[in-house]
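Chemist: Spelled out, the chains give:
2 protein chains.
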Amino acid sequence: MTTSTATLPITDRTRVGRLADQQIVDRAALYALLDGQILAHVALVVEGNPLIIPLAFARDGDSVLIHGSTGGGLLRLAAAGSGLGLSVTALDGLVYARSLFDSSMNYRSVVIYGVPTVVPPKEKERALLVLSERLMPGRSEEVRPMTRRELAATIVLCIPLTEVSMKTRSGAPSEAVDDGENHAVWAGVVPVVTGWGAPSASPLTAHGTEVPASVRRH
Amino acid sequence: MTTSTATLPITDRTRVGRLADQQIVDRAALYALLDGQILAHVALVVEGNPLIIPLAFARDGDSVLIHGSTGGGLLRLAAAGSGLGLSVTALDGLVYARSLFDSSMNYRSVVIYGVPTVVPPKEKERALLVLSERLMPGRSEEVRPMTRRELAATIVLCIPLTEVSMKTRSGAPSEAVDDGENHAVWAGVVPVVTGWGAPSASPLTAHGTEVPASVRRH
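Quick mapping for you: the protein sequence lines, in order, are chains A and B. Each residue of the first sequence is one higher than the last, beginning at 6 in the working numbering. Each residue of the second sequence is one higher than the last, beginning at 6 in the working numbering.
Each hint should be verified, as a subset may be incorrect.
Repeated chains share a single entry, so a pair holds when one copy, or any two copies, can fit it.
Cross-link-like lysine to any residue pairs, in silico, SDA-like; alpha carbons within 20 Å at most [said to hold, decoys possible]: (1) Lys129 - Ser109; (2) Lys129 - Asp107; (3) Lys127 - Ser205; (4) Lys127 - Tyr36; (5) Lys127 - Gly53; (6) Lys129 - Pro208; (7) Lys129 - Gly200; (8) Lys129 - Ser108; (9) Lys129 - Arg222; (10) Lys127 - Glu155; (11) Lys127 - His212; (12) Lys127 - Ser108; (13) Lys127 - Glu215.
Source of the hints: derived by calculation from the structure; they are not laboratory data.
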């Protein structure tokens, strides 16, 4: 077990080449990004070819957790001890410069590289509750406990936050030294806003059932 | 040049294994997903290891375009003729079943596999305008044209929409046959809503400059 430090170590793979000033080495910023997102993209190599899949994830201390069916490809990957790359990206805004070339996007992005370990049976329920708490906070208190069969059908993988590359862009557009821009043109940022819509009850829900706390909090 | 058909061909790599009923083979649904998103994650294999990067993208007919600096890793990748996987995912909602196991997410997701080709110099400006039009519709009319230097500094890659795997989940939660659920509990969907916030002008913008049509349309 490595001790985490406030800054992220930079390795050959996580060192940002271009736009190195956009590299973030602050662990608190990393946690804030991960804790605000639920969707990751995972890349792996299968028979020499790239494979990419979108997945829900959750941070658990200094690791991230992903889960899936024991019948899915994740299990085979984990059993093979393959390395993977996991990326989480928040798109924060469109950046309108006064040229297309200098226009950009504001974003926060992290890529985590590592070899996942399978969470052992004894720790699996806790790991799944961490995932549940991140994806649907409070929901585990409202529904029945997981069954033994459900636990057996689910695999949870853990990837340590050791080899991590975080990059962000924020704020106003920047421009190259004046090279023909029309100074009468507006420049600025249009933020992306993500939120939750009104919950819709399913046919499983009896008429008059109260919307629970886990849903009202959205 | 292949002729596109209304349905997407299924290859060994694009055939969905688990939850095969969630596989979509309708080209119109694919286009609708791609045209509504601007962020992709690209996976490649470098020296046997997975690499993953977030990028803006745009559909151009039966291809997708990505672009970057000639100083970045994309150029080396393209020169090597490496295959890549490009994933675009829209998260549409959280699906609250009456067990954690049956809870899920509503989403639309596509993975495109292929070997990118470099868009040749003569077609590069048109390709960049396609990207610009998708990311910031109307903006190219408001700013000065691209310069020769800017074109030379940018590489555009084209990936055909031939090997494509699309998967979606929508609608209410589904549940396994009754296995202990509390029927008094609410079940349903909380939609994810994405939109645009109020534009903020940058210090580059003279006081009183009108917000242009490309920004007002958000």
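Chemist: The structure should be examined with respect to each hint, and the outcome stated for every one.
Modeler: Going down the list of hints, with the structure as the test:
1. In this homomeric assembly, Lys129 and Ser109 come within 20 Å of each other (Cα to Cα) only across copies, at 18 Å, whereas the closest approach inside a single copy is 42 Å.
2. In this homomeric assembly, Lys129 and Asp107 come within 20 Å of each other (Cα to Cα) only across copies, at 17 Å, whereas the closest approach inside a single copy is 47 Å.
3. Taking identical chains as interchangeable, the C-alpha atoms of Lys127 and Ser205 are never at most 20 Å apart, the minima being 36 Å within one chain and 51 Å between chains.
4. In the homo-oligomer, the alpha carbons of Lys127 and Tyr36 never lie at most 20 Å apart, since the shortest distance is 26 Å inside one protomer and 45 Å across protomers.
5. Taking the closest pair of Cα atoms, Lys127 and Gly53 never come within 20 Å of each other, the shortest separation being 34 Å inside a single copy and 33 Å across copies.
6. For the identical chains of this complex, Lys129 and Pro208 are neighbours neither inside a copy (31 Å) nor across copies (52 Å), given an alpha-carbon limit of 20 Å.
7. Within a single copy, Lys129 and Gly200 get their C-alpha atoms no closer than 30 Å, and across copies no closer than 37 Å, so neither meets the 20 Å cut-off.
8. In this assembly of identical chains, Lys129 and Ser108 lie within 20 Å of each other by CA distance solely across copies; the values are 17 Å between and 45 Å within a copy.
9. In this assembly of identical chains, Lys129 and Arg222 lie within 20 Å of each other by CA distance neither inside one copy nor across copies; the values are 27 Å within and 48 Å between.
10. In this homomeric assembly, Lys127 and Glu155 come within 20 Å of each other (Cα to Cα) only inside a single copy, at 14 Å, whereas the closest approach across copies is 57 Å.
11. When the C-alpha separation of Lys127 and His212 is checked against a cutoff of 20 Å, the pair qualifies neither within a copy, at 39 Å, nor between copies, at 63 Å.
12. In this homomeric assembly, Lys127 and Ser108 never come within 20 Å of each other (Cα to Cα): the closest approach is 50 Å inside a single copy and 22 Å across copies.
13. For the identical chains of this complex, Lys127 and Glu215 are neighbours neither inside a copy (35 Å) nor across copies (62 Å), given an alpha-carbon limit of 20 Å.
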